[in-house]
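K.L.:
Chain by chain, the residues run as shown.
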Amino acid sequence: MSFAHLFQGVLDLLAVALLALSIKGLSRVRSARTANQLAALAMGLAVVGLLINAQPTIAAWIWIAGGAAVGGLLGAFTARLVPMTAMPETVAFFNGCGGLSSLLVALGVILGARGDGITPSLLVLISIAFSISVGAITATGSVVAMGKLQGWLATPGWMLSRWRHGQNIALATVALVSAVLTVNGFGEALWPLVLSASLLGVGLTLPIGGADMPVVISLLNSYSGVAAAAAGFVVGQQLLIVAGAMVGAAGLILTQVMCTGMNRSLPAVLFGGALGSQLPAAQGGSEYTNITSCSAEECALTLEAAERVVIVPGYGLAVAQAQHTLSEVARLLESHGAQVTYAIHPVAGRMPGHMNVLLAEADVPYEQLKEMDVINPEFPGTDVVLVLGANDVVNPQAKSDPDSPLYGMPVLNVQEARTVFVVKRSLGTGYSGIKNDLFERPNTSMLFGDAKQMLSNVLGELKALGLGK
Amino acid sequence: MMDGFQEQLWVLLLGSLLGLELIGKVPPTLHTPLMSGANAISGITMLAALTLITKAGESMLLLSLGSVALGFALFNVVGGFLVTDRMLAMFRSGRKPSGGGQ
Numbered sequence: 001m002s003f004a005h006l007f008q009g010v011l012d013l014l015a016v017a018l019l020a021l022s023i024k025g026l027s028r029v030r031s032a033r034t035a036n037q038l039a040a041l042a043m044g045l046a047v048v049g050l051l052i053n054a055q056p057t058i059a060a061w062i063w064i065a066g067g068a069a070v071g072g073l074l075g076a077f078t079a080r081l082v083p084m085t086a087m088p089e090t091v092a093f094f095n096g097c098g099g100l101s102s103l104l105v106a107l108g109v110i111l112g113a114r115g116d117g118i119t120p121s122l123l124v125l126i127s128i129a130f131s132i133s134v135g136a137i138t139a140t141g142s143v144v145a146m147g148k149l150q151g152w153l154a155t156p157g158w159m160l161s162r163w164r165h166g167q168n169i170a171l172a173t174v175a176l177v178s179a180v181l182t183v184n185g186f187g188e189a190l191w192p193l194v195l196s197a198s199l200l201g202v203g204l205t206l207p208i209g210g211a212d213m214p215v216v217i218s219l220l221n222s223y224s225g226v227a228a229a230a231a232g233f234v235v236g237q238q239l240l241i242v243a244g245a246m247v248g249a250a251g252l253i254l255t256q257v258m259c260t261g262m263n264r265s266l267p268a269v270l271f272g273g274a275l276g277s278q279l280p281a282a283q284g285g286s287e288y289t290n291i292t293s294c295s296a297e298e299c300a301l302t303l304e305a306a307e308r309v310v311i312v313p314g315y316g317l318a319v320a321q322a323q324h325t326l327s328e329v330a331r332l333l334e335s336h337g338a339q340v341t342y343a344i345h346p347v348a349g350r351m352p353g354h355m356n357v358l359l360a361e362a363d364v365p366y367e368q369l370k371e372m373d374v375i376n377p378e379f380p381g382t383d384v385v386l387v388l389g390a391n392d393v394v395n396p397q398a399k400s401d402p403d404s405p406l407y408g409m410p411v412l413n414v415q416e417a418r419t420v421f422v423v424k425r426s427l428g429t430g431y432s433g434i435k436n437d438l439f440e441r442p443n444t445s446m447l448f449g450d451a452k453q454m455l456s457n458v459l460g461e462l463k464a465l466g467l468g469k
Numbered sequence: 001m002m003d004g005f006q007e008q009l010w011v012l013l014l015g016s017l018l019g020l021e022l023i024g025k026v027p028p029t030l031h032t033p034l035m036s037g038a039n040a041i042s043g044i045t046m047l048a049a050l051t052l053i054t055k056a057g058e059s060m061l062l063l064s065l066g067s068v069a070l071g072f073a074l075f076n077v078v079g080g081f082l083v084t085d086r087m088l089a090m091f092r093s094g095r096k097p098s099g100g101g102q
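In order, the protein sequences belong to chains A and B.
As numbered in the numbering used here, residues 1 to 469 make up the first sequence, in order.
As numbered in the numbering used here, residues 1 to 102 make up the second sequence, in order.
Calculated from the structure, these hints are not laboratory results.
Glycine included, every Cβ here is placed at the ideal spot set by N, Cα and C.
Any given hint could turn out to be false.
27 Å max Cα-Cα, derived DSSO-like pairs, lysine-lysine [to be verified]:
id, chain 1, residue 1, chain 2, residue 2
1, A, Lys370, A, Lys399
2, B, Lys25, A, Lys370
3, A, Lys452, A, Lys463
4, A, Lys24, B, Lys25
5, A, Lys452, A, Lys370
According to the in silico footprint, chain A covers these stretches of chain B (three or more CB under 8 Å from chain A) [to be verified]:
id, segment
6, 22 to 30
7, 57 to 65
8, 81 to 89
The whole structure should be built from the sequences, with the hints applied where relevant.
P.N.:
Here it is, written out as structure tokens:
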């Protein structure tokens, strides 16, 4: 065992320890940022160890530098430039690239072996087939998830019928048969394997509704860990196996946590099709009656007299880029003596924790964000609730109507407050496509318009009332 | 290449158990950064891409395939860590102005 080999072994061990500590650290607010930096350090150590031990030739160095420069720079630019609202899509896209990388490595190993006229061992062949399938599903599934969240892709109608299960079973069968053939040395089966697994990734992800996409991204994140572990078996590197396994397992737990937060079971997310799409459109009377709408002035007058105000931000707020105006309104009310808190539903935004990130960007003090279980008992003592671009997470039917598809989903009980203002573009249904009873309640007033415009109107009215002077 | 397969299976098992154990309680605030950080770690497959390149010898196919694989993996790693850092940095600055903002 050479010194370089030993050195790499030590660095790998150090990297594993750091990665484990950083995953742990990422689950606490105070240590999260350091933990993330430690994980990056761990990856760097592993790369240094590998390069010292492998001693690449000049030609290899050139290819390494080329690939690393392009990938690294594009990654850095993407990370800088992407808006915070697009975070779930970004994670999905990064994830797909990781899956694609595992797929390419496995392809390279088997093509290389074939070029040299070597037959890899059975176990390596199995790992290769596995790495190709999981990598391909992760890559295409992630890109579809990104496209759906961006609104670039819609689900074609036939994908919602039961036929899609038949189609996916057929694709999975083709993938399995090609995998078995590949493992048994039939080189021609390699391309059908790549193709069928890639199509399977699309076929599994495309029918899933946009509201469930975060769960799917989390699951695909777990897959990319599995793909990395499989690539570790292919090239015989234990560090990849440990790190991939950790990410795979942690991703599964996170997926489960998200499902609980949305009151969805994982099988229902994966095989149930889009929520709400099973419902005939006419069911439950989707027409609204008894809607009270009001102006920014009336809203400002009520807010001026309120002592306890709770703000319920949703994704619509982020889309309108109104976080900053909102935090201005909140500060003005606070300076007037009101107590202002933000009620954060576990899945506010597009992904758990997404809203916290968006509000932090607008300098909202971390302490003012209250989680659902903390804030729910406080609604009866609240004077005004301001709902901004949120819909399904404040739908009282989730508690009261057993026939509603939302039934059982934990919601914010905003209707228990004295007055509720809902800022919304129109009476359109939410992400789930389900009517919201809250809008018809007698203590609810609707403010129709763009969230940012409406908030600056309210801000103007509040200033006209003499607040902040 | 595959000596010590049993050993590798042990590594897989223990790594998975560790992963299950590490994520016990996570505040919802951190779900998005955690997912994005874990996602960056799964880009560790870049080490496999590096191995592919260093063992490619003269083969143009393997060199280029390895290089593309490295590019995609590094895109995932660099982008993932930086974007996670960007999110977490905001939590820090969000905590400071607890005295009513700037």
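K.L.:
Give a verdict on every hint.
P.N.:
Cross-check of the supplied hints:
1. A/Lys370 x A/Lys399: This hinted pair holds, its Cα atoms lying about 21 Å apart.
2. B/Lys25 x A/Lys370: 17 Å, holds
3. A/Lys452 x A/Lys463: 16 Å, holds
4. A/Lys24 x B/Lys25: 10 Å, holds
5. A/Lys452 x A/Lys370: 23 Å, holds
6. 22 to 30: Per the Cβ count (9), the hint holds.
7. 57 to 65: Check passed, 7 qualifying residues.
8. 81 to 89: holds (count 9)
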